[in-house]
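Colleague: Sequence:
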Amino acid sequence: MQEDKTICPHCNHKMQRWRTPPVSTWSAEYFYVCFNDKCPYYVKGWKHMQKSTAVGCSYRHRYDPDTGACGPLPVWSPDAGKDQIIE
8 MQEDKTICPH
18 CNHKMQRWRT
28 PPVSTWSAEY
38 FYVCFNDKCP
48 YYVKGWKHMQ
58 KSTAVGCSYR
68 HRYDPDTGAC
78 GPLPVWSPDA
88 GKDQIIE
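Counting in the numbering used here, the sequence shown runs from 8 upward without gaps.
Just so you know, the hints here were simulated from the structure itself, not pulled from any lab data.
Just so you know, these numbers come straight off a predicted model, no measurement behind them.
Wrong hints could be hidden among the right ones.
Unchecked claim - Derived EDC-like pairs: lysine to aspartate or glutamate, alpha-carbon spacing no greater than 20 Å straight-line:
id : residue 1 : residue 2
1  : K12       : E94
2  : K45       : D86
3  : K12       : E36
4  : K21       : D73
With the sequences and hints as input, model every part of the structure.
Modeller: Structure follows, in structure tokens:
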């Protein structure tokens, strides 16, 4: 059975399509990003980043459909990036 990478592995919510910035090094037009504000990956990220880097930010889980890569998408506020969600 093939894994559905559009489901967040941290909270099992369906991720949303997110438009990548026009000026970036990413080749994909969009990523799938977990915008669940209760996702443990996102929630724990605030404390982890403050402790490890002394920066008030977190990250959300992302999947790049062009490369198949998964990883963090940095965010500086709970609403950061939500304006680029593709309906």
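Colleague: Check the hint pairing K12 with E36 against an upper bound of 20 Å on the C-alpha distance.
Modeller: 17 Å, holds
Colleague: Take a quick look at whether K21 and D73 sit within 20 Å of each other, Cα to Cα.
Modeller: 18 Å, holds
Colleague: Would the pair K12 and E94 pass a check requiring their Cα atoms to be no farther apart than 20 Å?
Modeller: 18 Å, holds
Colleague: Given the proposed pairing of K45 with D86, does the C-alpha separation stay at or below 20 Å?
Modeller: This hinted pair holds, its Cα atoms lying about 13 Å apart.
Of the hints listed earlier, there is not a single one the structure fails to meet.
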